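Protein chains: 4
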Amino acid sequence: MARIRVGILGATGTVGQRFVQLLADHPQFAVTALAGSDRSQGRPYAEACAWRLSGEMPAAARSLVVREPEPPLDCDVVFSSLPADVAGPVETRFARAGYPVLSNSAAHRMDEQVPLLVPEVNPDHLALLDACGDGFIVTNPNCSTVMIALALAPLATRFGVEAVLVTTLQALSGAGYPGVASLDITDNVVPFIANEEEKIERETRKILGRLNGSRTEPAAFAVSAQCHRVNVVDGHLAAVRVKLGRPAEPAELRETLASFTALPQELRLPTAPAHPILVRDEPDRPQPRLDRDAGRGMSVTVGRIARDAVLGHRFVVLSHNTIRGAAGAAILNAELLLAKGYLRARD
Amino acid sequence: MARIRVGILGATGTVGQRFVQLLADHPQFAVTALAGSDRSQGRPYAEACAWRLSGEMPAAARSLVVREPEPPLDCDVVFSSLPADVAGPVETRFARAGYPVLSNSAAHRMDEQVPLLVPEVNPDHLALLDACGDGFIVTNPNCSTVMIALALAPLATRFGVEAVLVTTLQALSGAGYPGVASLDITDNVVPFIANEEEKIERETRKILGRLNGSRTEPAAFAVSAQCHRVNVVDGHLAAVRVKLGRPAEPAELRETLASFTALPQELRLPTAPAHPILVRDEPDRPQPRLDRDAGRGMSVTVGRIARDAVLGHRFVVLSHNTIRGAAGAAILNAELLLAKGYLRARD
Amino acid sequence: MARIRVGILGATGTVGQRFVQLLADHPQFAVTALAGSDRSQGRPYAEACAWRLSGEMPAAARSLVVREPEPPLDCDVVFSSLPADVAGPVETRFARAGYPVLSNSAAHRMDEQVPLLVPEVNPDHLALLDACGDGFIVTNPNCSTVMIALALAPLATRFGVEAVLVTTLQALSGAGYPGVASLDITDNVVPFIANEEEKIERETRKILGRLNGSRTEPAAFAVSAQCHRVNVVDGHLAAVRVKLGRPAEPAELRETLASFTALPQELRLPTAPAHPILVRDEPDRPQPRLDRDAGRGMSVTVGRIARDAVLGHRFVVLSHNTIRGAAGAAILNAELLLAKGYLRARD
Amino acid sequence: MARIRVGILGATGTVGQRFVQLLADHPQFAVTALAGSDRSQGRPYAEACAWRLSGEMPAAARSLVVREPEPPLDCDVVFSSLPADVAGPVETRFARAGYPVLSNSAAHRMDEQVPLLVPEVNPDHLALLDACGDGFIVTNPNCSTVMIALALAPLATRFGVEAVLVTTLQALSGAGYPGVASLDITDNVVPFIANEEEKIERETRKILGRLNGSRTEPAAFAVSAQCHRVNVVDGHLAAVRVKLGRPAEPAELRETLASFTALPQELRLPTAPAHPILVRDEPDRPQPRLDRDAGRGMSVTVGRIARDAVLGHRFVVLSHNTIRGAAGAAILNAELLLAKGYLRARD
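Those protein sequences? They're chains A, B, C and D, same order as listed. Quick note on numbering: the first sequence equals residues 382 to 728 in my numbering. Quick note on numbering: the second sequence equals residues 382 to 728 in my numbering. Quick note on numbering: the third sequence equals residues 382 to 728 in my numbering. Quick note on numbering: the fourth sequence equals residues 382 to 728 in my numbering.
Bear in mind the hints are in silico, worked out from the structure with no lab data behind them. Accuracy of the hints is not assured; some may be wrong.
One copy or any two copies: either way a pair holds, since identical chains are not told apart in the list.
Stated by the list, open to error - Listed next, the in silico SDA-like pairs over lysine to any residue satisfying Cα-Cα at most 25 Å (straight line): (1) Lys624 - Arg677; (2) Lys624 - Val660; (3) Lys624 - Phe602; (4) Lys624 - Ala429; (5) Lys624 - Ala601; (6) Lys624 - Gly693; (7) Lys624 - Arg688.
This one's a predicted model, so the numbers in the text were calculated from it and none came from an experiment.
Using the sequences provided together with the hints, build the complete structure.
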């Protein structure tokens, strides 16, 4: 079967490089177009992109000439990791031109008709696309939100969720490149990430919300987020307190999280991890360096499940912010769309 | 006036070195005795102690021969930063031998008759000493608790506090030396510090509790703590949510915190900072490397005061964990004791 | 063909864990015995070992009970990563009991009858074993020396080497676990690694020396090493100046290094990288985080080849210190021994 | 006596902030003018400058309005820490307008008529100014060069120097702000700093060169430098090998370095440290975090003095790169100029 041809917008950035890396040997997708900013356009990717991931730039991408991020592009579907300030109108133009757009950008996440998708959590939200033609936008959440939504989903189903309070310790790669200055973070913590707290608070409620005709009703519970940048390369960690809808033993939470599987596992999507949530019982896990690569970066790891004196229960959750939290999330979204018949080769 | 002669137990450790440093030019105290573990005993401090603070070891301490940490010691008062596993009985023996003991150890903090003192917060708890003779123990809180108690105190007074939820990002020096292995914390976070969450939860309530005859009633509010070790040399940071007893504007919290002063400022105790709490209005402060030395390490810095969707209000607080969080705390306690007549030269 | 059964001495340490990881799917070797210190003996490896590498402990090793590091062990060959202070006599006892010992320890490296082997550099030194029976010791070099020897070997062959001067920036994992205290290395450099400078200076000369009957004559050139510990998890880097035996253009050095292959590549040993030396032409490479995993940790990377005002030529070389610099080196040695008929199954 | 009025060019940058900090309480100089880039001009320094040093911005500087870096400025002398690409012509214009310019920039360091001054090393080079009028340029060396020149000066005098080979490990603040991206240096080393090796090689020879009429003859010895960026906030370290002009015991080098004092100490210049060179005998010193603040950042620290197998002798040297290596160096230069009569109040 011919592979779906993929174009990547923002291909030279931190997340764009992850797209190129993760799609290098993908069984269903092949990268055929790369687009980037003015100064990279017209040059082969090998020249235009300062590759910063461990390992070599995939050979197939090296000779692709970087294009302007505007339709038409030589591809069937577009993955976007454009910067927030340009993503909005560009993605809209691609959708209007008939391209499915898998976006890692924040620009359209809260649009009523745009699914904010975590395939294990809210695949039913894809029904929002039924009113669309060939072109549409599907977004994945903010890099911190996805792990919170994943951990909450099975708890919400089994126990109900009444309030969620998260405090994040986020990795440097989440800020892109050059991103955080080394002088700002060496021997230091920065208790601020622009717009991040707001994104977590509203995106979590949309993902766990209910589809109501042509829009999603946000989940009824309150979400509180405080965000910090810490001196870690990859891997966001969040300390979570949750108020459940009914009493529960910590062991019940543990079992509910550890046994969670969902549609992507059932469909055996190529990028779906066997276990979307891994539970570790050591007292000092999860840790970014040791756990971020679990499930090839697509599993989130939960630990330290316990009672909480104020909200009832607590745990710590971790995921790889540029894989499950960005490029891998968009690819898994695309795999679900393909399995559900939303993607096809353009003529 | 002759200075009070001080003995330091655990003098070669991280906090012990801070005691030696901070007391080097103290107007009221003079270090006359140093005690430490077996392998340092009998040697001059200059030889026995691998000095790890910036700047040179104070000249006066260099030739003091390290003694066994047992009474009698050539001093009027004892500062203890002994390891948790030995501090309990040793400090008891010193108290029974008639020495006032200013302890940074956790061993006796929760003892009914032992004040757990933050001079700006609960100086009235010193009344617990009235039943004691010359020898007694006064403790300072855990390195994270002190800044939480300081920030809560004026809020409790003005608004009432109904619940407190803290998530800490703690510095390496809090674990002593050698403490945290570099392989455990480089490019990493460890979401676990042994016994720390329990200490914060119970000590905060004792400090903010009410004296009731010969014991303290813990404060009635619930405290939740989740603790993390991050790659920072000095300076603990905590993200705090607080449920107040009555509605309040964030600006009211700001004003209440920024204008707080208390007995140590009134008494002009030598180590008391002009402002126990500094409020910073930049969106990205406090930060450990920039703010830990505020007020010579004795001010705590608060920032990011805002509404919270779950508990009502939130802020971030930071303090120097080995100064206000340990050695400086004990010294300020001693200065208050001296001002109140609890300390005097032994014959 | 049945796999050679391997016992690992020091199996719970940093390098021991690398042995277990790298041998997990080896086509020629199977781990059948693990030995460690007193407190791990008698317990399954899964319990006795605090696994600190990324990824899970290999399943096959989990249930192996940790033994005392003394013969007999249930294996055909022994890999040793014992601490320096115990390795010497233990390895001797295994050799005398008829076991081939592949040692990463420094204890026997300079013994006259013991090959100090880098398979690409001095495979002829294995002739030292011809006088031995079944039991013998083969050592791999110190973690910094191996990359220096590899880079010098083709230069010595083509141009001659008259003096070598190296300055190292070494990773934390080289010190084992817990190894370097975080308080010693955060926001810091330590210009000292015990015995390291001496090891590099003498081991380099032995490896590049000439076999003379039953002993090796050290190479005639002088070696100078200054060693530093830096805040990097894995990957040793060395700045090298070299005085060659005849004039040479930097481009000739580049070509000589980049085209180097040797016996392990010819024999297609399983752990041999296609390119023992990779040359990078970017001005800012090699870098530990980006280049340490080249060739699955078995390639060394050279960059910044240029003229030097004092010694004539300079370059920078980097390798993964626990793979090519330790466990991988010993495994490659074992593969060469197997190919050359020095290893066989014990009855 | 009225203080000399100082203008600072590049006042909002990393070194500019150090100038403001170090001159805050200076007995001879008072900051009266600040100049910076387009986007800071016209705003009070408190607003225009994101202060990134520990401690508060000095009160006197807060209200100074940032000016364009062009003459005239309201000051008697100009300190320049302008970026390399603009410093050259701007400094020339100030000199031509009659201002003494104390420059930390590289632009004019190698100009024949411009002294490249280290007051302890080559105060006689100030004779180059004798042909100038009121306006002139005096430069201080590159941040790594100054400590090398200081350490070599007494060795050159006593033993002669025939070759010098340095390998640096340089701090982040040397690259200014935002400077090095955190993703480039966390868990990493970068073996490249643009133009740094060339600067060290040629500046060292000029400083230690001999005045010959109206120009300086560079010292005859060869200098080799390889430079690396490491994950340290402040404090450059260099591993040095030196070939001396005659045989010497390491103890003689030690004594020569430790006893070194020069003109600034004799003149008791306010910023001159009592000991320009501190020698430490511990095997693991100097270290950036422990030693960078020695002599309030103006002493360089030498350790690990030993024989070297290739060049004869070796040692390690460290200094604070933004104090002795930049702002403090320029201020000490100014103090010497003042003492020698080259500076005076403009009418």
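Hints, one by one, checked against the model:
no. : hint            : in the structure
1   : Lys624 - Arg677 : neither (31 Å within a copy, 40 Å between copies)
2   : Lys624 - Val660 : within (20 Å within a copy, 31 Å between copies)
3   : Lys624 - Phe602 : both (9 Å within a copy, 17 Å between copies)
4   : Lys624 - Ala429 : neither (49 Å within a copy, 37 Å between copies)
5   : Lys624 - Ala601 : both (13 Å within a copy, 20 Å between copies)
6   : Lys624 - Gly693 : both (6 Å within a copy, 15 Å between copies)
7   : Lys624 - Arg688 : both (10 Å within a copy, 19 Å between copies)
Consistency note: the structure conflicts with the earlier hints numbered 1, 4.
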